[in-house]
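Hey, can you work out the whole structure from these sequences and the hints?
According to our numbering, the residues represented by the sequence shown are 80 to 236, in order.
In case anyone wonders, no lab produced these hints; they're calculated from the structure. A few of these clues could be false.
Claimed, not checked - When the alpha-carbon atoms are kept at most 30 Å apart in a straight line, the in silico DSBU-like pairs for lysine-lysine are as follows:
no.: 1; residue 1: LYS185; residue 2: LYS221
no.: 2; residue 1: LYS129; residue 2: LYS195
no.: 3; residue 1: LYS236; residue 2: LYS129
no.: 4; residue 1: LYS149; residue 2: LYS85
no.: 5; residue 1: LYS129; residue 2: LYS221
no.: 6; residue 1: LYS236; residue 2: LYS185
no.: 7; residue 1: LYS149; residue 2: LYS233
no.: 8; residue 1: LYS236; residue 2: LYS149
no.: 9; residue 1: LYS233; residue 2: LYS85
no.: 10; residue 1: LYS221; residue 2: LYS85
no.: 11; residue 1: LYS148; residue 2: LYS129
no.: 12; residue 1: LYS195; residue 2: LYS236
no.: 13; residue 1: LYS221; residue 2: LYS195
no.: 14; residue 1: LYS85; residue 2: LYS193
no.: 15; residue 1: LYS185; residue 2: LYS85
no.: 16; residue 1: LYS193; residue 2: LYS221
no.: 17; residue 1: LYS148; residue 2: LYS193
no.: 18; residue 1: LYS185; residue 2: LYS148
no.: 19; residue 1: LYS85; residue 2: LYS129
no.: 20; residue 1: LYS85; residue 2: LYS236
no.: 21; residue 1: LYS185; residue 2: LYS149
no.: 22; residue 1: LYS233; residue 2: LYS185
no.: 23; residue 1: LYS85; residue 2: LYS195
no.: 24; residue 1: LYS148; residue 2: LYS236
no.: 25; residue 1: LYS129; residue 2: LYS193
no.: 26; residue 1: LYS193; residue 2: LYS149
no.: 27; residue 1: LYS185; residue 2: LYS129
no.: 28; residue 1: LYS233; residue 2: LYS221
As the list claims (entries may be wrong) - Here are the in silico distance ranges between beta carbons for each label pair:
no.: 29; residue 1: GLU139; residue 2: ILE187; range: 34 to 44 Å
no.: 30; residue 1: ASN93; residue 2: LYS129; range: 16 to 26 Å
no.: 31; residue 1: LYS193; residue 2: VAL92; range: 16 to 26 Å
For clarity, every value in this text was computed on a predicted model and none was experimentally measured. All C-beta atoms, glycine included, are put in the ideal place defined by N, C-alpha and C.
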Amino acid sequence: MTNKEKLDVIEIVNDNYERYLDIDVVAFSFAVPGAMGTGGQIIIIDGTGKIYTANYCRGERLLDYDSVKKVIPIFEMCDIGIFGSRVENDGWNSIYLGSGNHLFIKTILYDLLKQKTIDANFSDIGELFQHWPGFVMDIIGKDGNDITVNDIWKVCK
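Laid out in structure tokens, this is it:
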């Protein structure tokens with residue numbers, strides 16, 4: 080468990096993205112512009128358990144699309160549609176989270192996430208959308224197995 084009140088989320092924007100070109104991204108979510116939740120939002124978790132967020136289309140503090148590709152190099156191999164996605168790289172898997180939201184996760188973590196999802200016995204995909212950050216934190220052995228997307232949104236407001 081983590082103290083959600085002290086949740087640290089790093090915002091990546093055009094002014095600072097160059098500081099984050101070498102992060103070890105293990106999972107990230109991507110919301111298409113009209114997605115439910117925060118359209119255009121990207122949530123990243125790195126191998127050390129740090130959480131980052133960016134938005135490529137909404138708000139005043141943006142990370143442009145070309146810079147997204149620099150921060151998340153695998154992004155160039157992602158084919159993202161409104162109702163699904165895929166990755167042209169065996170080292171990554173994609174999961175559609177519903178309502179225009181997509182999750183990309185390293186293949187070495189994918190089966191563990193899949194098992195956590197089965198064990199959670201969610202009634203709909205929206206529950207995975209909320210809980211994936213905590214699941215990934217647990218899989219990589221970091222505090223924060225209870226972190227949800229809502230918790231990240233609260234920090235970013």
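Checked hints:
| no. | hint | in the structure |
| --- | --- | --- |
| 1 | LYS185 x LYS221 | holds (16 Å) |
| 2 | LYS129 x LYS195 | holds (21 Å) |
| 3 | LYS236 x LYS129 | holds (18 Å) |
| 4 | LYS149 x LYS85 | holds (29 Å) |
| 5 | LYS129 x LYS221 | holds (9 Å) |
| 6 | LYS236 x LYS185 | holds (28 Å) |
| 7 | LYS149 x LYS233 | holds (26 Å) |
| 8 | LYS236 x LYS149 | holds (25 Å) |
| 9 | LYS233 x LYS85 | holds (11 Å) |
| 10 | LYS221 x LYS85 | holds (15 Å) |
| 11 | LYS148 x LYS129 | holds (19 Å) |
| 12 | LYS195 x LYS236 | holds (29 Å) |
| 13 | LYS221 x LYS195 | holds (15 Å) |
| 14 | LYS85 x LYS193 | holds (28 Å) |
| 15 | LYS185 x LYS85 | holds (27 Å) |
| 16 | LYS193 x LYS221 | holds (18 Å) |
| 17 | LYS148 x LYS193 | holds (26 Å) |
| 18 | LYS185 x LYS148 | holds (16 Å) |
| 19 | LYS85 x LYS129 | holds (13 Å) |
| 20 | LYS85 x LYS236 | holds (14 Å) |
| 21 | LYS185 x LYS149 | holds (17 Å) |
| 22 | LYS233 x LYS185 | holds (26 Å) |
| 23 | LYS85 x LYS195 | holds (25 Å) |
| 24 | LYS148 x LYS236 | holds (25 Å) |
| 25 | LYS129 x LYS193 | holds (22 Å) |
| 26 | LYS193 x LYS149 | holds (28 Å) |
| 27 | LYS185 x LYS129 | holds (16 Å) |
| 28 | LYS233 x LYS221 | holds (21 Å) |
| 29 | GLU139 x ILE187: 34 to 44 Å | holds (37 Å) |
| 30 | ASN93 x LYS129: 16 to 26 Å | holds (20 Å) |
| 31 | LYS193 x VAL92: 16 to 26 Å | violated (33 Å) |
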